[in-house]
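*Asks:* What follows is the residue order along each chain.
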Amino acid sequence: MTRLSVRTLVVTGVIVAVVVAAFASLYASGDPDGLNRVAAEEGLADQEQAHDLEDGPFAGYEASGIDESLSGGVAGVAGIAATFLLAGGLLLVVRRRGSDRDADGPGAASSGP
Amino acid sequence: MHVPDGFLDAPTSVATGVVALAGVGICLRKARAELDERTVPLAGLVAAFVFATQMFNFPVGAGTSGHLLGGALAAMLVGPWLGALCVSVVLLVQAVLFADGGLTALGTNIVLMAFVTTAVAWGIISLSARVLPRTAASAVGTAFVAAVVSVPVSALAFTGLYSIGGTTDVPLGALAGAMVGVHLLIGLGEAAITALAVSSVLAVRPDLVAGARHLLPQDGDLAMSPRSVS
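From first to last, the protein sequence lines stand for chains A and B. Sequential numbering from 0 applies to the first sequence in numbering that gives the first Met the number 0. Sequential numbering from 0 applies to the second sequence in numbering that gives the first Met the number 0.
The hints are simulated quantities; they were obtained by calculation from the structure and are not laboratory data. Mixed in with the good hints there might be a few duds.
What follows is a set of in silico ranges between Cβ atoms, one per label pair, in the way DEER data are often shown [what the hints assert, rightly or not]:
id: 1; chain 1: B; residue 1: 215; chain 2: A; residue 2: 88; range: 39 to 45 Å
id: 2; chain 1: B; residue 1: 131; chain 2: A; residue 2: 99; range: 37 to 43 Å
id: 3; chain 1: B; residue 1: 129; chain 2: A; residue 2: 88; range: 22 to 28 Å
id: 4; chain 1: B; residue 1: 136; chain 2: A; residue 2: 18; range: 24 to 30 Å
Which stretches of chain B does chain A cover? Using the computed rule of at least three CB atoms under 8 Å from a CB of chain A, they are [claimed, not checked]:
id: 5; region: 9-23
id: 6; region: 59-72
id: 7; region: 78-91
id: 8; region: 120-130
Keep in mind it's a predicted model, so treat the numbers as computed, not measured. Beta carbons: idealized from backbone N, C-alpha and C, even for Gly.
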């Protein structure tokens, strides 16, 4: 059986994520989510404060200044890029720092069996 | 289930912020040993996929929707430490870039949606690895159950925090009942998505599914070595 490379898997996965975000931007339910619904019914919502960054360029999963039909998809792609780069970048830095620290013991950073 | 600003009082929000920071620190330390050429991009993918999937609010009964939290999926794919980090990154990006989830509630949201969900899911994953037959079907079933349980437990944890630092006086029994009820339904949706995603990765690269490592033949070659790259 041919094994899919990690690169192919990750690229495919990111493409699937973009498709999911595009689909979601068009067809996601606009109803309040479970917490918001319960909060409204049980009286928690009275205390809700406006978000400090509610005027941000992607606030509410809408890209400001972009046509309505595309705005959600653009915001989704921005979020996918941001989460991928932040998670991957953070872990890359942690990994490099870890291997520097353990440089005098070959394989010291590995937990593998 | 993103908690906005104002639901919890300042002391509780500070406390959850401290717990979130400490927890992320612990996760980074624990995850460091697992980082290699495969897990780093895979964790990036998990974060991106959880973000994208969270955009998809599916209906759960009249006038209510829900979305994936992602802790069970992340734990299943990259393990609990990296998994909790991936979901934390998603919550940070959502709070800052998308104004989803309050800034003062970021710690609360990380505790509830990253830590509680991955911890519950990993507990179920570890348990079922010991008792279930070692098949791909078991792994997919485990992912389903881990997802379906993790969401209402997270909702119950919110109720617990609200009982400590909630800004309104509400009957806690009613709040707990309402939260668990609706999040059980959301958990079923999350479970379907999680099972689908996990079975997709299992089909092509079972060795990359952290929650299914025990299924692999112990022949060494490519499966178990975190250093092998392809």
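*Asks:* Against the structure shown, which of the earlier numbered hints fail to hold, in ascending order?
*Replies:* 1, 3, 5, 8
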